[in-house]
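There are 2 protein chains.
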Amino acid sequence: MKNEKRPLGIFDSGIGGLTVLKEIIKLLPEEETLYLGDTARLPYGTKSEETVIKYSIENTRFLLKYNIKLLVVACNTASAVSLPVLRKEFSLPLIGVIEAGARAATKATKNGRIGIIGTETTIRSSAYTKAIKSVNPDITVIGQPCPLFVPLVEEGWLNDDITISVAGRYLTSLRNDRIDTLVLGCTHYPLLKSAIQKVMGDGVRLIDSAEETASEVRELLTNLGLINLSGSESDTKTTPVRRYFVTDVPVRFEEQGSRFLGEKIYKVDKVDLG
Amino acid sequence: MKNEKRPLGIFDSGIGGLTVLKEIIKLLPEEETLYLGDTARLPYGTKSEETVIKYSIENTRFLLKYNIKLLVVACNTASAVSLPVLRKEFSLPLIGVIEAGARAATKATKNGRIGIIGTETTIRSSAYTKAIKSVNPDITVIGQPCPLFVPLVEEGWLNDDITISVAGRYLTSLRNDRIDTLVLGCTHYPLLKSAIQKVMGDGVRLIDSAEETASEVRELLTNLGLINLSGSESDTKTTPVRRYFVTDVPVRFEEQGSRFLGEKIYKVDKVDLG
Numbered sequence: 001m002k003n004e005k006r007p008l009g010i011f012d013s014g015i016g017g018l019t020v021l022k023e024i025i026k027l028l029p030e031e032e033t034l035y036l037g038d039t040a041r042l043p044y045g046t047k048s049e050e051t052v053i054k055y056s057i058e059n060t061r062f063l064l065k066y067n068i069k070l071l072v073v074a075c076n077t078a079s080a081v082s083l084p085v086l087r088k089e090f091s092l093p094l095i096g097v098i099e100a101g102a103r104a105a106t107k108a109t110k111n112g113r114i115g116i117i118g119t120e121t122t123i124r125s126s127a128y129t130k131a132i133k134s135v136n137p138d139i140t141v142i143g144q145p146c147p148l149f150v151p152l153v154e155e156g157w158l159n160d161d162i163t164i165s166v167a168g169r170y171l172t173s174l175r176n177d178r179i180d181t182l183v184l185g186c187t188h189y190p191l192l193k194s195a196i197q198k199v200m201g202d203g204v205r206l207i208d209s210a211e212e213t214a215s216e217v218r219e220l221l222t223n224l225g226l227i228n229l230s231g232s233e234s235d236t237k238t239t240p241v242r243r244y245f246v247t248d249v250p251v252r253f254e255e256q257g258s259r260f261l262g263e264k265i266y267k268v269d270k271v272d273l274g
Numbered sequence: 001m002k003n004e005k006r007p008l009g010i011f012d013s014g015i016g017g018l019t020v021l022k023e024i025i026k027l028l029p030e031e032e033t034l035y036l037g038d039t040a041r042l043p044y045g046t047k048s049e050e051t052v053i054k055y056s057i058e059n060t061r062f063l064l065k066y067n068i069k070l071l072v073v074a075c076n077t078a079s080a081v082s083l084p085v086l087r088k089e090f091s092l093p094l095i096g097v098i099e100a101g102a103r104a105a106t107k108a109t110k111n112g113r114i115g116i117i118g119t120e121t122t123i124r125s126s127a128y129t130k131a132i133k134s135v136n137p138d139i140t141v142i143g144q145p146c147p148l149f150v151p152l153v154e155e156g157w158l159n160d161d162i163t164i165s166v167a168g169r170y171l172t173s174l175r176n177d178r179i180d181t182l183v184l185g186c187t188h189y190p191l192l193k194s195a196i197q198k199v200m201g202d203g204v205r206l207i208d209s210a211e212e213t214a215s216e217v218r219e220l221l222t223n224l225g226l227i228n229l230s231g232s233e234s235d236t237k238t239t240p241v242r243r244y245f246v247t248d249v250p251v252r253f254e255e256q257g258s259r260f261l262g263e264k265i266y267k268v269d270k271v272d273l274g
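These protein sequence lines are chains A and B, in that order. In case it helps, the working numbering puts the first sequence at residues 1 to 274. In case it helps, the working numbering puts the second sequence at residues 1 to 274.
Any given hint could turn out to be false.
Identical copies look the same in the list; a pair holds intra-copy or inter-copy alike.
To be verified - Calculated cross-link-like contacts (lysine-lysine; reagent style DSBU-like; alpha-carbon spacing at most 30 angstroms):
hint, residue 1, residue 2
1, Lys65, Lys54
2, Lys110, Lys5
3, Lys26, Lys110
4, Lys107, Lys267
5, Lys270, Lys54
6, Lys5, Lys133
7, Lys26, Lys264
8, Lys198, Lys88
9, Lys133, Lys22
10, Lys54, Lys267
Hints listed in this document are in silico derivations from the structure and should not be mistaken for laboratory results.
Build out the structure end to end from the sequences listed, making use of the hints.
In structure tokens, the structure reads:
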């Protein structure tokens, strides 16, 4: 059934994927969106591939009940380890954040040296390295896990002395490796852009997978003839439905989420997936 | 059925509770122990009371299958929010880490001013405050959440400049409040004792709930006639069975856990509770 008015489904381990939703809303303001944050089981970045795959399948099954036309895996860890399984298991169009970020980094680098920062599970998976090498095998890719970045963002210490010290420690080896492009391989990291840029210097280009993923969503919807055109054809603008589901109680998600989305969050329902 | 050879059950959200197990082994070396770390759903400290209670019930049900004679809730967050529910729901002897720590702090303070540090959910619950006030309502209790302490411990940055800066920021108000006793209200925090003591100064006594909990376990087992005497009666020493269960794959638990337990960890099985 081809129905372009169906919603987009987006899931993340928690609030980080809201940075992806934010970019999708910017590029595709007419689309209805359903966002699922698995807040009762977050974070994914310290869990095993096996467990993250299990959670990703459960999240996808849940969103499919709402007749979504496309799924965005808006979590780097889940994208890194579960995308192939999800593609095999489910028959809907699927976009992860890794491929978009990898492609953008490959275009951006001039010296052929790209750094990737992310959670332990994302870096261990080498998903970015594989995605970049599949575009250009001559590029050197250097990965660095930054486990404290997520808790620092959640604490709200963004452009902060302590955060800059932590960034300094994590990023020194990447700086010594003379990369010219650095992929922010976790949806929390765009909130640390300023601290990371300060440590890396202006010569290093930061790649925000959220923006790249949104462009890719628009491209795929266009190619599949699934773009929602109803808004642009009509004179009376109505705000499309935006629904949010979380697996833990909504309070914290509502409070912290608006910082990630850049607007107030309404309509958050608690659901049980476990 | 009174059988003093049955094992002790211990659960925690992950590895932190191993600091409690370590003290139990020290005091009660003959007892068999079953430890469950809910590593697929950790941490508990940022989750809601509702979700932590649900997980605690599932953990208890799992351990009960192994015919345990006593349950230790070796997680401050789980103890803070779920102990009353567990006591209502299950009929076995139950010990949490809060009451033991609260009692020890009440004995230790001279100026009647006690600080509590812990996760957000533990501090929000005011469980320590209630436990201390029930012993002595005149004591002033000041709580302070320290969300970055757990990730810092897991990163292994223990006696580290960055950790001391973070501790400085979290603990300044407690220092200004002139407390003389500080409860380490999270099983990860004993690993930061040295950094915390440096910030608080030698005048402040740190209370480690793990040690206090182990004493309370011995006391309760003695009072109930459930102490395992088989080892001390026999001339041939056999090491009692120590089993470990985790909900995520065991690798990380085995690697990190030995730092918390102070000895190598064997016999870790993955189980599914969700």
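Structure-based check of all given hints:
1. Lys65 to Lys54: Both. Shortest intra-copy (18 angstroms) and inter-copy (25 angstroms) distances satisfy the 30 angstroms Cα cut-off.
2. Lys110 to Lys5: Neither: 41 angstroms inside a chain and 68 angstroms across chains, both beyond 30 angstroms.
3. Lys26 to Lys110: Within one copy only: 29 angstroms inside a chain, 59 angstroms across chains, cut-off 30 angstroms.
4. Lys107 to Lys267: The answer is neither: 39 angstroms in one copy and 48 angstroms across copies each exceed 30 angstroms.
5. Lys270 to Lys54: Close inside one copy (20 angstroms) and across copies (14 angstroms); limit 30 angstroms.
6. Lys5 to Lys133: Answer is neither: 37 angstroms inside a copy and 58 angstroms across each miss the 30 angstroms cutoff.
7. Lys26 to Lys264: Answer is within; shortest intra-copy Cα gap is 15 angstroms, inter-copy 52 angstroms.
8. Lys198 to Lys88: neither (42 angstroms within a copy, 54 angstroms between copies)
9. Lys133 to Lys22: within (29 angstroms within a copy, 47 angstroms between copies)
10. Lys54 to Lys267: Both: 27 angstroms inside a copy, 24 angstroms across copies.
Violated hints, in rising order: 2, 4, 6 and 8; the structure is consistent with all others.
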